[in-house]
Amino acid sequence: MKIAVMSCIHGNYEALNAVLSDIDDQNADKVYCLGDLVGYGPHPNAVVEMIRALDIPTCQGCWDEDIVEGLNSCECSYPSVLAEKRGKVAHDWTNQVIHPEVREYLAQLPLSLRDDNLCFVHGSPHNQHEYLMPEVDAFVAMERVLATGADILFCGHTHVPYVRSLDVGQLQIRVKLTGKSEPQNTSFSAPLKRIVNAGSVGEPRHGRPNATYVIYDNDTDQITLREVEYDYQKTCAAIIENGLPPVFAWRLSKGLEYAERADDPTHVCER
Amino acid sequence: MPSLNITLVSGPPGAGKTTWIRQQISSAAETAVYLNLGSGNTPNDFRRACAIDPTYLAAEVAGLTVLPVEQLTDFLAHPLAGSAVYVELGFHIDLTSLILPDQMADCQRVAVLPPGTRHTEWHGWADLVVTGVETGAVLSQPHLWRSVLSGQVLDLASLNTFWYELTHGAYGTVQRAKGIFDVADGRSLHFDFVTGLAEATYLELNLPRWLNGRPDRFSGIEVVGEALEQEAIAQTIKECCLNDQAIAYYQQQIKDSLDPGDEVA
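Chains as they are written, first to last, in full-length UniProt numbering: chain A, 1 to 271; chain B, 1 to 265.
What the hints contain is simulated information worked out from the structure, not anything from laboratory work.
Misleading hints may appear alongside valid ones.
Stated by the list, open to error - Just some of the chain B residues that point at chain A, by a computed CB distance under 10 Å:
(1) Leu228
(2) Glu229
(3) Cys241
(4) Gln253
(5) Asp256
Unchecked claim - Sample of chain A residues with no beta-carbon within 12 Å of chain B, all distances over it, derived:
(6) Ser80
(7) Leu82
(8) Ser253
Ideal placement from N, C-alpha and C gives every residue a C-beta, glycine not left out.
Please put together the full structure from these sequences, using the hints given.
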């Protein structure tokens, strides 16, 4: 069975349409979405309506949460003063145009989804705002997967698609109980775990405007990263027509994300 | 009256005029005086004039005297004996209508031009043509935009993002951009961009860290290009600036981390 996983659409309806067409072409049997349906892009309502119409199982992203709860992120959400100001402009614009039923839909999205040995989250199992960058410490990465009980953790949020295999996990635990003089040592090998980041449909950061998503084939255990071209100029034009900052359009056309890249792989969100 | 050893230096933006002058001063034994005509004024006038090159040279070249334009007449009447005087002309100054004081009539004229440049007004004007660096395509309608930022403190991560956007076409076609910026950790940074040259990181100017409120020294930006979106550039710079509370917070953090012997302004 082929499972398509996409994330971080960010109100980019043109990109979503192109990815859905590609998923059709790839004959995927199931589709999951890892959230961030809204934010930055010019078509938040249309994106949500499309996801709802197709009944695609979706977990809540950080932008979806912020539109429901209000901006309440820790500083890891914005790597600079400029990015924070741009993010607030995008948040305020989205907050104004979003339809009430769309907000209600975003509010009821689950934080994670399970399908057999697969787990789907937006950022990490602990927090929608936490970045699991490809370079994140192996122990942290392993802990995040083990926390779910799944074998493969699908995430998004970083906008960087990647597959990371955690296959040489030797863990040692030392426990000293009160009243007992000798600590107990336990060591074990963690089984093969993987983290799969689906990249971003609507806000890529790989230097090209193309959308990315992944397909997992559980018969062959193969993971395929897909990169899909679309008419990004339409989205750029809509950004400007809707009064969003023109630099968002320029950055989208360069594959640089709308506001600014967040580049701190070692940061663990403490919110 | 001592004889004057004056060199006028001209050329298109980004060809390497200031770099050539710095090389001449560094390799000569005599003391040097620098005057910039056309790029504003001097560090003494830092709240009104965009003095990027004078500030850069004053910080980086030991012993250099940077001469304010308004002191030129006095200087020519009472020049420093045995010193070499370099006068840099902005690219936009019309060489044919430039009227110089009589004392400068016999000066040497140097044009710093990109490789392969032929038959320009600089060739007819100069005594010596120096090959500088490539500056990319010639703009049909070059536009110069400047802003004085003295007193502003920028967030460095934001500044890096803005500089990338500026030099990669987000706000119009940029052929040349340079700036001096005060950042949150107290440093004064010199940014320098010319189309076609390898991207360089910023240079930390040889100035003490400014860790006591808003800096009382020059900072500013100058951009040469076409179809420049000036309002968007100005707005983005504004969004990179820190407020008083943030400045105080970061400066205190840096102060706490410095050694007792570190130089602080």
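Structure-based check of each hint:
Interface restraint check: Leu228 of chain B against chain A, minimum CB-CB distance 14 Å, threshold 10 Å, status violated. At its closest, the beta carbon of Glu229 of chain B sits 8 Å from a beta carbon of chain A; the interface hint therefore holds under the 10 Å criterion. Look at Cys241 of chain B: its Cβ gets to within about 8 Å of chain A, closer than 10 Å, so that hint holds up. Given hint, Gln253 of chain B at the interface with chain A, is violated; its Cβ is 14 Å from that chain's nearest Cβ, farther than 10 Å.
The restraint placing Asp256 of chain B at the interface with chain A is violated, with a minimum CB-CB distance near 19 Å, outside the 10 Å limit. With a least beta-carbon separation of about 4 Å from chain B, Ser80 of chain A fails to lie farther than 12 Å from that chain, contradicting its non-interface assignment. With a least CB separation of 3 Å from chain B, Leu82 of chain A falls inside the 12 Å interface cut-off, contrary to its annotation. Annotated as non-interface, Ser253 of chain A brings its C-beta within 12 Å of a C-beta of chain B; the closest such distance is 10 Å.
Hints 1, 4, 5, 6, 7, 8 from the earlier list are contradicted by this structure; the remaining hints agree with it.
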